[in-house]
Amino acid sequence: MHGRLKVRTTAEQQEIKAKERAKKLAVYKVAMDRIFSKRKSGELDDEILKITGQVLTENPDISTLWNIRKETIVKIKNTTPDLVDNYVSKELTLTEQCIRVNPKSYNSWFHRSWVLDKGSNIDFQAEFLLCDKCLELDERNFHCWDYRRIIVQMSKTPLENELQFSTNKITKNFSNYSSWHYRSELLPRIYPSSSGDTLLDDQKLAEECNLIQNAIFTDPNDQSAWFYQRWLLFTKKETNSTENSGFLSVLNDELESCQQLRDLEPNNKWVILQVCELLRRIDSLGNKKEILQLVSQLTKVDPLRRGYYAYLGSKIEEEKQKKTIPE
Amino acid sequence: MDDCKEFTKEKHAKYFLRCLNALPSSLVSLDSIRLSISFFAISGLDVLGRLDLLDKHREEYINWIYLFQILPNQDDESLERCGFRGSLAATLSLESHSPSHVGRSVNIGTVSSHPLDTSHITMTYAAINTLLILGDDLGRLQRKGILAGVKALQLENGSFAATLEGSESDVRFVYCACSICYILQDWSAINIETTTNYIINSISYDGAIGQDKNQEGHAGLTFCGIAALSLMGTLDSALNLKQKAKLVRWLVSRQQSGFQGRPNKLPVDTCYSFWVPATLKILGAHQFIDRKRNRQFVLDTQCNVVGGLSKWIDHSSDPLHSYLGLAGLSVCEDTDLVEMIHPALNVTMRAFNHWKKLTSEFI
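Chains F and Z supply the protein sequences, listed in that same order. If you're matching positions, the first sequence starts at 42 in the working numbering and goes up one per residue. If you're matching positions, the second sequence starts at 4 in the working numbering and goes up one per residue.
Keep in mind the hints are simulated off the structure, nothing from the lab. Bear in mind that the values here come from a model prediction, so they are computed numbers and not experimental data. Incorrect hints may appear among the rest.
What the hints assert, rightly or not - Think about it this way: if two alpha-carbon atoms lie no more than 30 Å apart in a straight line, the pair counts; the simulated BS3-like pairs of lysine-lysine are: (1) F:K197 x F:K64; (2) F:K341 x F:K356; (3) F:K361 x Z:K268; (4) F:K145 x Z:K245; (5) F:K213 x Z:K245; (6) Z:K268 x F:K341; (7) F:K341 x Z:K17; (8) F:K81 x Z:K247; (9) Z:K147 x F:K174; (10) Z:K147 x F:K210; (11) Z:K295 x F:K58; (12) F:K145 x Z:K216; (13) F:K329 x Z:K247; (14) F:K81 x F:K131; (15) Z:K216 x F:K197; (16) F:K245 x Z:K17; (17) F:K65 x F:K91; (18) F:K111 x Z:K245; (19) Z:K247 x F:K341; (20) Z:K17 x F:K65.
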């Protein structure tokens with residue numbers, strides 16, 4: 042259900058609409074009857090594809106009709122395999138039309154990915170183009186991102202290419218949670234840590250920290266950068282490696298940057314929160330006084346979450362170890 | 004709470020009643036999932052404390068829902084097709100009289116099943132919940148068939164598809180499967196271990212749960228995952244304290260006035276007023292919500308003329324957002340307005356207590 046703006050219509054307009062709807066209903070009923078009678082008698086043919094296609098173009102959310110089309114394609118693949126590519130191409134056209142009508146239709150995207158598997162000659166360039174177009178219209182369309190993952194796998198596209206794709210997206214617009222998310226999936230696979238102790242290969246981790254810092258300084262109010270930075274900095278195996286001086290120096294560097302940002306944006310809750318978290322991980326006991334002051338500040342600048350900060354404060358009060366790995 | 008809009012309870016009750024009779028043409032895409040719409044409307048009336056408005060036709064509604072059940076044939080073959088359909092619009096054989104409007108049918112017949120009929124897991128979930136809300140004793144449920152149907156939909160990786168013919172498989176249908184098994188008090192049909200692992204594997208880098216592995220964290224899907232773990236009894240073994248704390252932080256950050264479904268997605272959407280608080284409640288962290296702000300927002304989405312709640316302020320109301328907005332107020336314990344709800348099962352505590360009574364009689 043997608044938001045529909047309220048619009049006033051005159052009685053006359055309403056009558057015209059009622060007549061149009063009655064006509065549509067009659068056509069719809071005839072079509073559905075024909076589809077189901079044909080299916081019942083096993084007539085999975087061009088005609089059933091034609092009629093289901095007509096209905097789906099108006100309403101892509103009837104999953105039963107998509108499944109009837111799947112049954113028909115499977116039958117064609119089994120009986121006349123030479124013709125299947127032609128039909129696959131028609132399915133791609135239909136699903137693209139439906140995706141235009143409703144870019145968030147589970148059925149349309151699923152059917153498209155299902156159909157890819159049935160053809161022998163898929164033009165993956167065209168598939169990537171479709172993804173690019175959809176993401177340009179809505180960068181957060183997770184159906185499209187998921188579809189992209191599927192075509193990457195099927196086309197055996199190197200993951201480095203996809204990393205570059207996400208870098209391009211992010212450089213154009215740092216505020217792109219879905220692109221950062223994509224990187225979180227790609228990076229550990231392309232550049233795994235050699236020690237197994239950290240998230241990524243050390244050099245890559247440093248580069249990525251640099252990239253995210255740019256994002257943060259560009260727009261310190263953007264949530265995506267902060268969540269991503271937390272993941273980069275604070276995801277470590279549960280060892281006592283807070284003794285790791287290399288890692289400590291990374292944290293101290295980040296703290297310095299954050300403090301610089303805090304001078305520019307003293308009331309930015311994300312900055313204050315991050316300074317807090319860095320101080321905790323560097324030396325939670327030694328920094329306790331400052332941390333608690335920051336938590337108190339958070340309650341003022343972000344009153345919506347004052348309950349949560351109060352809880353955080355009480356947890357910090359209780360911490361007795363010098364260095365903890367808190368959450 | 005003074006600076007909130009007035010709560011027009013009676014208008015919303017009338018809105019749900021109207022939904023049960025006819026829907027506007029703008030919602031035609033919902034035709035194939037009528038059973039889920041009836042769940043929103045009927046549970047909506049229950050949350051408003053106005054289920055009494057259905058008293059006259061209660062038996063008819065119950066019978067109507069049972070019409071959607073796919074029955075096993077005499078030899079119990081193809082039990083895995085069993086469960087509930089979403090609508091009678093896509094049925095192959097209608098040998099009994101089929102009512103298209105709830106409340107008009109007096110024929111308590113059944114719709115016989117055709118070998119090509121199969122159920123949809125979300126509709127099975129919606130049907131069972133709605134029957135429970137209406138006070139039915141679930142006596143006409145084909146338990147063996149329903150469980151066979153659920154079992155047939157589980158994949159090797161622990162996820163669930165929605166129908167036998169195939170569909171996407173993800174955490175939404177995992178939740179439906181778990182809710183069904185919980186209410187039927189029978190977990191033999193599903194592999195709890197692989198289901199739990201599937202949910203764990205769908206956790207994104209930020210601690211939230213996505214639709215599937217590799218997908219972005221999303222509040223609605225996070226609810227599905229956490230509620231499913233809670234119903235299976237594996238929440239505490241699946242997520243350690245750190246993971247729970249990380250998720251709580253992510254969820255708490257979703258509140259802007261009402262709640263958003265993912266970071267940076269605005270404007271806030273009424274349905275997340277249920278998904279986020281309900282998940283926090285299951286995690287024991289709902290006290291971190293600013294109830295007043297959420298209440299203000301939800302009441303702002305009320306539609307003056309037709310009743311119901313809309314997804315965004317000044318948009319048309321629809322059954323899903325009307326229901327979830329009210330359910331959200333319930334999770335936030337605005338009990339001066341609405342009845343209390345069970346956060347994982349998404350039915351009122353009254354309906355849940357009815358289920359408890361039924362279950363104790365069963366055992």
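Keeping to a limit of 30 Å between CA atoms, is the pair of K245 (chain F) and K17 (chain Z) held or broken?
Outside the cut-off at roughly 59 Å; violated.
Next pair to validate is K197 (chain F) with K64 (chain F); report whether the Cα-Cα distance is within 30 Å.
Between K197 (chain F) and K64 (chain F) the Cα gap is close to 48 Å, so the pair fails against 30 Å, i.e. violated.
Verify the proposed pairing of K111 (chain F) with K245 (chain Z), using a straight-line Cα cut of 30 Å.
Violated, at roughly 44 Å.
Decide if the proposed pair is consistent with the structure: K65 (chain F) and K91 (chain F), CA atoms, cutoff 30 Å inclusive.
With a Cα-Cα distance of about 17 Å, the restraint between K65 (chain F) and K91 (chain F) holds, given a limit of 30 Å.
Proposed proximity, K341 (chain F) with K268 (chain Z) (alpha carbon, max 30 Å):
Cα-Cα ~24 Å, so holds.
Straight-line alpha-carbon gap K341 (chain F) to K17 (chain Z), limit 30 Å:
Violated, because 42 Å separates the two Cα atoms, which is more than 30 Å.
Would the hint linking K81 (chain F) and K131 (chain F) be met if the CA-CA limit is 30 Å?
Roughly 24 Å between the alpha carbons, so the hint for K81 (chain F) and K131 (chain F) holds.
Given the proposed pairing of K213 (chain F) with K245 (chain Z), does the C-alpha separation stay at or below 30 Å?
34 Å, violated
Can the restraint linking K145 (chain F) and K216 (chain Z) be considered satisfied, given a maximum Cα separation of 30 Å?
19 Å, holds
Holds or violated: K17 (chain Z) to K65 (chain F), with C-alpha atoms at most 30 Å apart
The given pair, whose Cα atoms are some 28 Å apart, holds under the 30 Å limit.
If you draw a straight line from the CA of K361 (chain F) to the CA of K268 (chain Z), is it 30 Å or shorter?
39 Å, violated
Given pair status - K341 (chain F), K247 (chain Z), alpha carbons within 30 Å:
25 Å, holds
Hint compliance for this structure: hints 1, 3, 4, 5, 7, 8, 9, 10, 11, 16, 18 are not met, and every other hint is.
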